[in-house]
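J.: With chain B fixed as given, assemble chain F onto it according to the hints.
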Amino acid sequence: MNRRESPLLPKTDAREAALFFVIGALCFLAALAALTTRGTYKAAQAWGAQIEGDITVVMRDSDRRAAEAAAERVAGLVNVIDARVLSRDEVQALLEPSLGPGGLPEGLPIPMLMVVQADLSRGDPSAGIERILDDLSIDGDVAGNAGYADNVRGALGVLRMVALSIVALLSATAIAVIAFATHAALLARRDIVEVLHLSGAEDRYISGLFERRFWVLAIQAGAGGALAALMTTALIVFTGSSAQGAEAQLLPRLSLDFWDFVILLSTPVMAGIAARIAARATVMASLKDSL
Amino acid sequence: MSQLRPDFSDEPAVRLDGVSLAYERTGEVLTEIDLNLRQGSFTFLTGPSGAGKSSLLKLMYLAHEPTRGAIRLFGRQTHEMKRKQLAALRRRIGVVFQEFRLLEHLSAFENVALPLRVAGQKTGQYQNEVIDLLRWVGLGERVDALTPSLSGGEQQRVAIARALINKPDLLIADEPTGNVDPEMGRKILRLFAELNKRVGTTILIATHDLSLIREFDVPVLRLSNGLLVRDVEFGSGG
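Taken in order, these protein sequences are the chains called B and F.
The first sequence begins at 3 in this note's numbering and counts up by one.
The second sequence begins at 46 in this note's numbering and counts up by one.
None of these hints come from the bench; they were simulated from the model.
Since we're looking at a predicted model, the values are computed, not measured.
Errors might be hidden in some of the hints.
Quick list of in silico lysine-lysine cross-link-like pairs, DSSO-like style, CA-CA up to 30 angstroms [claimed, not checked]: (1) B:Lys13 to F:Lys167; (2) F:Lys232 to B:Lys13; (3) F:Lys129 to F:Lys167; (4) B:Lys290 to F:Lys232; (5) F:Lys127 to F:Lys212; (6) F:Lys127 to B:Lys290.
Looking at chain B on its own, in the form it has when it is part of the complex:
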């Protein structure tokens, strides 16, 4: 019976455990940064689109019945998703920050407010709303958020650039640190490189041993980091979706989609490639010193 062959490289040691931790932590940070950046950007974009599509119509000297008739006709416009007249309580809640609690005095004339959610991809409905108000002889103003939305769009653009820069910087740092840590871990194995070299092993054979070793190590550590990032993101998504009330509007609405999973899967692969290239470069540099 043939004897069992032990691996030519020792199983693990403290240096590789440290390398495993470094790669896992960096992959966690890089993946989490990419996912939260992407999620926040998506949420901000959706928020911006919502603001852009919101139109408020102020109807003066109008009773609720006329206002609701106007809202019904507005809701029928092709580029309007929804239109409704706010109740007195809702108006009161809007005015509360300015007038304080305690309710509005009975008989105080307050305008009717209609909130219109427009589908701007099918055109701006402002002109159509104004026509309806004219037809119904309602004295009203149509106030869109287009100007405000331009500012939001500008801010989103800056946010996107900053976020992408942070993710790029973090990813580049992660790759550089992984390469450096792999190089350091492998230098400690120089004795094995030398013994194999003097035993007649070809450069490619020696390099292949170390490349495979560090590739597997980085893939495993990177997968651990990516999994931790996924769990953290899922926790954020869950926390965000379970929030209720007005404060929920302030939380970013994160979600996971196909591209988020592509990011998660590519994180350990990138770590593996960085470790593999570093291992190859280190072994080859080490062998280059000798014939």
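T.: For chain F alone, coordinates are given in the frame of chain B:
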């Protein structure tokens, strides 16, 4: 100080022509070395610490390239060879180090089998051969022992078996008795002498242990300050 150029056979195992070696940090450690080792010869290399013995051996077992000069091994110019060819040539050379250089996570068997394994052979092809060789060096009972559990002398014998497993044409030993007791040192050198006599392996042993050298009637080369001289004090010459 004269340089050595003995008259050996037509195709020496090792031939150095005007070989010099300089390290970046320490400068030149070997100067214009001319040397022939004929096939089947047994030679000692001696000299004080820092004389360049290990550096000279490193050139011969292809761990370093000379700064100047040419090295011919078994009739082939090493500087004309590709790395792949050098790896194949390295398999014709067995090397034994003072500090053994065994892989600690492997058994005695696996350490000895290493040169065959890296050459692509399977366990079934070399199993018996490795065990026979371990028996020959007196380690038949320690085949599966991990190297850290072996004594210094046992580890050195594993290293010798590893150097011999490829049936090398040239065996180079750098202070092979440096880390073992004198009795074990004598046994190890007798193993080398037996190998040289029975198989005809060319052997070059670097040592500063003059008492051991005296026991063998073979040529002795001496290095002094990077220069090679012949020393006839301890041996009658080959």
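J.: Each hint should be assessed against the structure and marked as holding or not.
T.: Verification of the supplied hints:
1. B:Lys13 to F:Lys167: Answer holds: B:Lys13 to F:Lys167 is near 21 angstroms, not above 30 angstroms.
2. F:Lys232 to B:Lys13: 35 angstroms, violated
3. F:Lys129 to F:Lys167: Holds: F:Lys129 and F:Lys167 sit about 21 angstroms apart, inside 30 angstroms.
4. B:Lys290 to F:Lys232: 37 angstroms, violated
5. F:Lys127 to F:Lys212: 23 angstroms, holds
6. F:Lys127 to B:Lys290: With Cα atoms ~13 angstroms apart, F:Lys127 and B:Lys290 stay inside 30 angstroms; holds.
Taken one by one, the earlier hints fail for this structure at numbers 2 and 4, listed in ascending order.
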